[in-house]
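Residue numbers (the numbering used here), protein chains in the order written: chain A, 15 to 119; chain B, 1015 to 1181.
Simulated from the structure, these hints should not be mistaken for laboratory data. Owing to the predicted nature of the structure, the values given are computational and were not obtained by experimental measurement. Wrong hints could be hidden among the right ones.
[What the hints assert, rightly or not] Just some of the chain A residues that point at chain B, by a computed CB distance under 10 Å: (1) Val92; (2) Ala101; (3) Ile114.
[Claimed, not checked] Within a straight-line C-alpha distance of at most 20 Å, the following computed DMTMM-like cross-link-like pairs (lysine to aspartate or glutamate) qualify: (4) Lys1092/B - Asp113/A; (5) Lys1177/B - Asp20/A; (6) Lys1092/B - Glu91/A.
Glycine included, C-beta positions come from ideal geometry on N, C-alpha and C.
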Amino acid sequence: MVTLNDYLIVSGILFAIGFAGVLLRRNVIIIFMALELMLNAANLSLIGFARYNVHDRLPDYNGQVLAFFIITVAAAEVTVGLAIIVALFRARQTTHVEDINTLKF
Amino acid sequence: MSPLLFWIFAAIMLVFGGMVVIHRNPVASALSLVVSFLALAALFVSLDAYFIGVIQILVYAGAVMVLFLFIIMLLDLKAELRRRPNLPAVCGGFVVIFLFIVAIAEVSFRFQGGDASFQPIAQGPQGDIWHVGMILFQRYNIALQVVGTLILVASIGVVVLSKRELK
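Isolated chain A (complex conformation):
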């Protein structure tokens, strides 16, 4: 029997993997992919809670709509972020965050 807790724990582990990617990797594109993993972990827990709250034998569709919005905004974010990475690569010929330290204190 699969319960809400199982989904929440799987979602939390996925979020932790994405978090580890952002903290440990030094390539901007990999950091960006890890960010997508974190957004998807949030989506999984949203859908899980939507399925958990049953009213009139229907799941709570508000959570599914919120997940839909997250997917849409994440797609827009990916396009803008990758365009910034391409512009950065043109200016500096690197995608390593350690080489981009002009604003670092």
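Since the structure of chain A is already known, use the hints to place chain B on it.
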């Protein structure tokens, strides 16, 4: 969905999600991310969210990942060289991640009713896409327009960013 299928798809999602972080070659990372997203879509379907599962495959595994692969090949990124890791940063990262997992487990096990099985649902002949559409275009109509405007602004911004000369 049977528990066996749930654990199989969860394991696929987590293993390939880990491979995204572990691989040194960006192309291998991107392909692992596609597999991870496909397994996540299967988990959405197991929660009776068919529409979100289809959107996940179309938008993420389709459009977004093609964009990622396109950029990786455009920039011609090579596999990262093995280098000495920054030890304090790695240790700090693992400590933060460990504390985060402990916090998640604590919240999950304290959560009352989280270990009950899901109640049965009856979505009717229209399926879930009808219900999602009704809520999306009625209660969240303004938000939908705002998101449409956001995507328009994002696409204009990408065109401006991609121009050869930034003024």
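A quick look at each hint next to the structure:
1. Evaluation of the Val92/A hint against chain B yields a held restraint, the C-beta minimum of about 5 Å falling below 10 Å.
2. At a threshold of 10 Å, the smallest CB-CB gap from Ala101/A to chain B is about 5 Å, leaving the interface hint in force.
3. Evaluation of the Ile114/A hint against chain B yields a violated restraint, the C-beta minimum of about 14 Å exceeding 10 Å.
4. About 16 Å separates the Cα atoms of Lys1092/B and Asp113/A, which keeps this hinted pair within 20 Å; it holds.
5. As the CA atoms of Lys1177/B and Asp20/A are separated by approximately 47 Å, the hinted pair breaks the 20 Å bound.
6. The suggested pairing of Lys1092/B with Glu91/A is violated, with an alpha-carbon distance near 25 Å, which exceeds 20 Å.
Hint compliance for this structure: hints 3, 5 and 6 are not met, and every other hint is.
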